[in-house]
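S.K.: Sequence:
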Amino acid sequence: MQTEVHVARHDPVGRIDPNVYGQLSEHLGRCIYGGIWVGDDDRVPTEDGIRMDTVELLRDLNTPVLRWPGGCFADDYHWTDGLGPREARPRRRNMWWTQGRDNVPEESNAFGTEEFMHLCEMLGTEPYLAVNVGAGNPDEAVDWAEYCNYDGDTELTRLRADNGSEEPHNATYWGIGNENWGCGGRFSPEEYAEQFRRYANYLRGFDRVMADESLELVACGHITDSWNRRFLEHLAECVSIGQGTVYNLMDHLSVHRYHHAGSDTEFTDDQYYRLLARAQQVGEDVDRAAEALELFAPGTDIGIIVDEWGVWHPEAVFDNGLEQANTVRDALSAASVLDDLNERADVVTMANIAQTVNVLQCLVQTDEDSAWPTPTYQVFDLYKRHMGATALRTVVDSEVRAVKSIGNEFSTDGEHEVPLVTASASERDGRVYVTLSNLHRDDAREVTVTVESDDVKLDDAQALFGGLPADLYSTETNAERFTPERIEPENHGDGTVVVDAPAGSTLGLSLQV
1 MQTEVHVARH DPVGRIDPNV YGQLSEHLGR CIYGGIWVGD DDRVPTEDGI RMDTVELLRD
61 LNTPVLRWPG GCFADDYHWT DGLGPREARP RRRNMWWTQG RDNVPEESNA FGTEEFMHLC
121 EMLGTEPYLA VNVGAGNPDE AVDWAEYCNY DGDTELTRLR ADNGSEEPHN ATYWGIGNEN
181 WGCGGRFSPE EYAEQFRRYA NYLRGFDRVM ADESLELVAC GHITDSWNRR FLEHLAECVS
241 IGQGTVYNLM DHLSVHRYHH AGSDTEFTDD QYYRLLARAQ QVGEDVDRAA EALELFAPGT
301 DIGIIVDEWG VWHPEAVFDN GLEQANTVRD ALSAASVLDD LNERADVVTM ANIAQTVNVL
361 QCLVQTDEDS AWPTPTYQVF DLYKRHMGAT ALRTVVDSEV RAVKSIGNEF STDGEHEVPL
421 VTASASERDG RVYVTLSNLH RDDAREVTVT VESDDVKLDD AQALFGGLPA DLYSTETNAE
481 RFTPERIEPE NHGDGTVVVD APAGSTLGLS LQV
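Heads up: the sequence shown begins at 1 in UniProt numbering, then just goes up one per residue.
The hints are simulated quantities; they were obtained by calculation from the structure and are not laboratory data.
There's no promise every hint is true.
Computed Cβ-Cβ distance ranges for the label pairs, DEER-style [said to hold, decoys possible]:
#1 S405 with H10: 29 to 39 Å
#2 D459 with P90: 36 to 46 Å
#3 S510 with N137: 31 to 41 Å
#4 N137 with R15: 30 to 40 Å
#5 S405 with T154: 33 to 43 Å
Every residue gets a Cβ at the ideal spot worked out from N, C-alpha and C, and that includes glycine.
Take the sequences, apply the hints, and build the full model.
M.R.: Quick look at the structure:
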């Protein structure tokens, strides 16, 4: 079957916020301790305890935003524990996750606010902090914001200076809790609405003290449509006259989506396509959240954030720090998610893959001596040209693969159709960048890409994973196998480019128009 990708240059969707290519780093397994921070361990080059090999890999991705300290960990984390001389910091329980290979459910607090801010500075990355709603209080959250952002002369700004930071950290993004329908307190939508209103009220008050109203507050949503609607409906209650709409307290609404099918490295054809079908639910989650906002808060510019997403295989469990093999199949699913997020650039303001290092669908893996990129890292590297560009409406005419629904797993009854080619496109400064994936496990596809232009020049074309099996996963010794290769599509010069896409491959085409 002929596969066609039509890029409508004259139908822009919106600017692709660079933060769509963000990440999550949590105090979970070897993500922070061992993956990012190693302290005085001199087996790898470090700067103030932070691994430089990890930093160098993340720098190459132009990492735009990093969410911390969680995740579930955030709603039992008290930020003041991570300040001051490390030898004097309290050792606390880690009630959600284990630390390192010894599976010790304790938190040393060696990596705290100053270490995280230093990491963000090294990466040129925006910090995104999640405050403690489950076991905390609004005063604790506002104090953290004052410590990070205030430039006056207070006890907390002096404390920040004592800890080595004379200047404010200027953290823009503040999540009001994490998964508060689950590990963050098991609140009902109505209970969380009341908690969000309290926290946001005081953080907005601090924002007024700052005089620049620079904080952007993120409400915790759910992939269940009814939960979001109940939250938004209850949020609007009990507002005093003269204070304006309560939705002014919210800048973004977040949703989370994890998916798997079969094992990380052993899966049937049905499970291969089922995982891809489940990955496409991320876009559907965004659509439902946007519809709920349009219903309850019409006319506002509240954005959708997918601040946890990715593959979570059954092999990633508490006892191994949620580590799993990272395969080509996982990377292909990430490419399809990024295509879906690009296509929704008008409503998606951030996304954070889980997680940055060693945990779940990570971008970087480490051992005691070295760090290396995963196949998913290579997808992010290929896609980074989309960051900040204008998304263009992209229509794909492709064969589909039907996946039978198990119970109510998909929004459609009976079965879900997986397009065997996904794509997205963006334009900046007279160049169109097209990413596409041939998701067929066994067969190559000839793909015709048509761009609305009388004159198209092909600047560059690269392909990932051509000829690699879907169950191949990254290790220190084979990481080079997943790097991109140059390819030579046929450029017809009339706005049409024809490319051969190998089975299970992701391509990037740079076109001058």
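S.K.: Hint by hint, say whether it matches the structure.
M.R.: To see whether the hints hold, each was checked on the structure:
Against the hinted window of 29 to 39 Å, the Cβ-Cβ separation of S405 and H10 comes to about 37 Å, which satisfies the hint. For D459 paired with P90, a C-beta distance near 55 Å fails the hint of 36 to 46 Å. For S510 and N137, the Cβ-Cβ distance of about 50 Å falls outside the hinted range of 31 to 41 Å, so the restraint is violated. Separation of N137 from R15 is about 37 Å and conforms to the stated range, judged on CB atoms against 30 to 40 Å.
For S405 paired with T154, a C-beta distance near 56 Å fails the hint of 33 to 43 Å.
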